[in-house]
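Here's the letter readout for the chains.
2 protein chains.
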Amino acid sequence: MSRPIDPTDLFDRLCTGDRVALARAVTLVESTLPAHRAMADELVAMCSSIHPETRRIAISGVPGVGKSTFIDAFGSLLTAAGERVAVLAIDPSSEVGGGSILGDKTRMERLATDPMAFVRPSPSGGNLGGVARSTRETILLCEEAGFTTTLIETVGVGQSETMAHGMTDMFLLLVLASAGDELQGIKRGIMEMADMVVINKDDGSHSALTGPARGSYTNALHLFPARPDGWEVPVAACSSVEGRGMTELAAQVERYFTHMRANGELVARRQAQAIQWFDAQLNEGILQTILIDPSLNPIFAALRDTVRNGSTDVPLAIQKAMVALRQRLD
Amino acid sequence: MSRPIDPTDLFDRLCTGDRVALARAVTLVESTLPAHRAMADELVAMCSSIHPETRRIAISGVPGVGKSTFIDAFGSLLTAAGERVAVLAIDPSSEVGGGSILGDKTRMERLATDPMAFVRPSPSGGNLGGVARSTRETILLCEEAGFTTTLIETVGVGQSETMAHGMTDMFLLLVLASAGDELQGIKRGIMEMADMVVINKDDGSHSALTGPARGSYTNALHLFPARPDGWEVPVAACSSVEGRGMTELAAQVERYFTHMRANGELVARRQAQAIQWFDAQLNEGILQTILIDPSLNPIFAALRDTVRNGSTDVPLAIQKAMVALRQRLD
Numbered sequence: 001m002s003r004p005i006d007p008t009d010l011f012d013r014l015c016t017g018d019r020v021a022l023a024r025a026v027t028l029v030e031s032t033l034p035a036h037r038a039m040a041d042e043l044v045a046m047c048s049s050i051h052p053e054t055r056r057i058a059i060s061g062v063p064g065v066g067k068s069t070f071i072d073a074f075g076s077l078l079t080a081a082g083e084r085v086a087v088l089a090i091d092p093s094s095e096v097g098g099g100s101i102l103g104d105k106t107r108m109e110r111l112a113t114d115p116m117a118f119v120r121p122s123p124s125g126g127n128l129g130g131v132a133r134s135t136r137e138t139i140l141l142c143e144e145a146g147f148t149t150t151l152i153e154t155v156g157v158g159q160s161e162t163m164a165h166g167m168t169d170m171f172l173l174l175v176l177a178s179a180g181d182e183l184q185g186i187k188r189g190i191m192e193m194a195d196m197v198v199i200n201k202d203d204g205s206h207s208a209l210t211g212p213a214r215g216s217y218t219n220a221l222h223l224f225p226a227r228p229d230g231w232e233v234p235v236a237a238c239s240s241v242e243g244r245g246m247t248e249l250a251a252q253v254e255r256y257f258t259h260m261r262a263n264g265e266l267v268a269r270r271q272a273q274a275i276q277w278f279d280a281q282l283n284e285g286i287l288q289t290i291l292i293d294p295s296l297n298p299i300f301a302a303l304r305d306t307v308r309n310g311s312t313d314v315p316l317a318i319q320k321a322m323v324a325l326r327q328r329l330d
Numbered sequence: 331m332s333r334p335i336d337p338t339d340l341f342d343r344l345c346t347g348d349r350v351a352l353a354r355a356v357t358l359v360e361s362t363l364p365a366h367r368a369m370a371d372e373l374v375a376m377c378s379s380i381h382p383e384t385r386r387i388a389i390s391g392v393p394g395v396g397k398s399t400f401i402d403a404f405g406s407l408l409t410a411a412g413e414r415v416a417v418l419a420i421d422p423s424s425e426v427g428g429g430s431i432l433g434d435k436t437r438m439e440r441l442a443t444d445p446m447a448f449v450r451p452s453p454s455g456g457n458l459g460g461v462a463r464s465t466r467e468t469i470l471l472c473e474e475a476g477f478t479t480t481l482i483e484t485v486g487v488g489q490s491e492t493m494a495h496g497m498t499d500m501f502l503l504l505v506l507a508s509a510g511d512e513l514q515g516i517k518r519g520i521m522e523m524a525d526m527v528v529i530n531k532d533d534g535s536h537s538a539l540t541g542p543a544r545g546s547y548t549n550a551l552h553l554f555p556a557r558p559d560g561w562e563v564p565v566a567a568c569s570s571v572e573g574r575g576m577t578e579l580a581a582q583v584e585r586y587f588t589h590m591r592a593n594g595e596l597v598a599r600r601q602a603q604a605i606q607w608f609d610a611q612l613n614e615g616i617l618q619t620i621l622i623d624p625s626l627n628p629i630f631a632a633l634r635d636t637v638r639n640g641s642t643d644v645p646l647a648i649q650k651a652m653v654a655l656r657q658r659l660d
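Chains as they are written, first to last, in the working numbering: chain A, 1 to 330; chain B, 331 to 660.
Simulated from the structure, these hints should not be mistaken for laboratory data.
Among these hints, one or two may not hold up.
Label-pair ranges, simulated between beta-carbon atoms [said to hold, decoys possible]: (1) Ala631(B) with Ser311(A): 39 to 45 Å; (2) Thr16(A) with Ala632(B): 33 to 39 Å; (3) Asp6(A) with Ala632(B): 28 to 34 Å; (4) Ile605(B) with Ala38(A): 25 to 31 Å; (5) His552(B) with Asn219(A): 40 to 46 Å; (6) Glu584(B) with Gly285(A): 45 to 51 Å; (7) Asn309(A) with Pro628(B): 37 to 43 Å; (8) Leu553(B) with Thr16(A): 43 to 49 Å; (9) Thr8(A) with Leu553(B): 45 to 51 Å; (10) Phe257(A) with Ile622(B): 38 to 44 Å; (11) Arg440(B) with Asn219(A): 29 to 35 Å; (12) Phe224(A) with Gly615(B): 33 to 39 Å.
In silico contact screen, one side only, chain B against chain A (beta carbon under 10 Å); selected entries [stated by the list, open to error]: (13) Leu626; (14) Phe630; (15) Ala647.
For glycine and all other residues, C-beta sits at the position ideal for the given N, C-alpha and C.
Based on the sequences and whatever the hints tell you, model everything.
If you want it as structure tokens, here you go:
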């Protein structure tokens, strides 16, 4: 990004579906440089956050469940049907390092070369709040560029699922049919987020296990109270490699969106997400403003120093910082 | 907690090792009631955050790896050697629900009835920041009550590991020796946090796999650059059920603390953690103060309403909120 960027120009090019402009815009919202941030804010403010006709789908599951291969197969089915598909990844990097030990698993051979698809690797580094914001903003940019379906792959487990759930219309939980204790290790909270459970790798020797696994998951889902939106979470099965079950699965997804649009739940969900987004951004804005405040910043820094050298315990240092903040507001 | 609480009295009783007082104090720091919070702050401010002689050890690993059984065996070994052992759990609940689908797995039969141990289930609910704070504060309370070793079990995966790493001296990563792709699914970031890798369930038919698994993990650890603190991360193996390898493992833990104390790294790590804690608490304090500010709160609420009813997009609403905040500071 050595050339100067004109957000209005970038937005105009983006709206024509220009993929170079889109990639550039996404790089801008992922940047942590203050100058880029200001331009990104301007750019995003031009986007509508309401595109009622689009679909935002989270693809989740433990490492090894085959998310990338699934997205490649499912996304290709959608583009073949005329959809323009954007693929994003959420990877809140760990404190020390990031990424899988086996390296980048994003192998979406078909989608990567599909002119109807836009595959964006997850941004590296950045804090949780930053990842959430840039992903939310990237969804808007993709939709503004004419992508009708956005698939968001969660990388890792835990926080990324919650984050993806907070910005999508539908949460697909991919699982494997393994003998015995399928449900071991799947957190109740993740199951509760699922709008559809997909038994992946319904191929080869795994196929024999699909039936029993479907029964186990269906039973587990029945342990939850009925959903207020009236949707019964289906358990689908597919082979991302052989393509088996993929058409039926796409039909279930279609059925979900029809159901959720008809009862107004889709709009309600997006409104609730907008509130969450507002609150998260408000918190971030407040912190940025207060922490660099010219009269408070030196006080906070001095207190941090006394913590560093061990002369003040943390709880006491915080007490003093709060006194300074309240005085600043008086 | 119907009786009125006197933090000074509670602190005094705590310091005698009174377990009822300790349990009561922990309940206090876990409470989200503002009145309790104020007393908790007072109580915690009396604790020293530096107990150089204590050991804080995180026990991590995917669900099913046998963390609870390991803690029961390892903790019992420590109490038999005269240590007083506190066991805490970090479980940042999911957005929707919390806990494992298989229910509470905390089964520590020996430690639960061991007079030298204090086992505290993880607090339910609460946000990430709240869980981190109450766990940090609980460590201090336990140490003040004379517990020399605190074991912190991470529940779930992802955020809880990072959190536990940020408040302990040593990070134990429990793994299973399974045929083939042991390293599948273990995030690079988690491996980088590990101060020791422990192959658990080195018993029965698993034992044959221990040797190859140890080789795989040792090789994987060699992919990382040498640590600045000079510690070479060992790969141990044990059977929590049969007790095999547990004494050797305890010796490795001892060797780690001797090493880290001798080179000053333990103190450095705790100082760095104190800074992180200060920053986290400072952020929380700032948000709490600003969000309830009598002149800003109504403005933020009105903007949130315009987001809710769809009349303002989030980025624009945030812009307006920031203008109000800057005016308040002028």
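Hint by hint, here is what the structure shows:
With their beta carbons about 41 Å apart, alanine 631(B) and serine 311(A) fall inside the hinted range of 39 to 45 Å. Against the hinted window of 33 to 39 Å, the Cβ-Cβ separation of threonine 16(A) and alanine 632(B) comes to about 37 Å, which satisfies the hint. Separation of aspartate 6(A) from alanine 632(B) is about 33 Å and conforms to the stated range, judged on CB atoms against 28 to 34 Å. Checked against the given bound of 25 to 31 Å, the beta carbons of isoleucine 605(B) and alanine 38(A), roughly 29 Å apart, stay inside it.
Checked against the hint of 40 to 46 Å, the pair histidine 552(B) and asparagine 219(A) passes, with Cβ atoms roughly 45 Å apart. Roughly 48 Å separates the CB atoms of glutamate 584(B) and glycine 285(A), a value that falls within the hinted 45 to 51 Å. Range check, asparagine 309(A) to proline 628(B): about 42 Å between beta-carbon atoms, so the 37 to 43 Å window is met. Between leucine 553(B) and threonine 16(A) the Cβ separation comes to about 45 Å, which falls inside the hinted range of 43 to 49 Å.
For the pair threonine 8(A) and leucine 553(B), the beta carbons lie near 47 Å from each other, so the given range of 45 to 51 Å is met. Our hint of 38 to 44 Å for phenylalanine 257(A) and isoleucine 622(B) holds, since their Cβ atoms are close to 40 Å apart. For the pair arginine 440(B) and asparagine 219(A), the beta carbons lie near 34 Å from each other, so the given range of 29 to 35 Å is met. The given range of 33 to 39 Å is respected by phenylalanine 224(A) and glycine 615(B), whose C-beta atoms sit roughly 37 Å from each other.
Because the closest C-beta pair between leucine 626(B) and chain A is about 9 Å apart, less than 10 Å, the hint holds. With its C-beta approaching chain A no nearer than about 6 Å, phenylalanine 630(B) sits inside the 10 Å limit, and its interface hint holds. Checking alanine 647(B) against chain A: minimum C-beta separation of about 6 Å stays under 10 Å; hint holds.
In this structure, none of the earlier numbered hints is contradicted; all agree with it.
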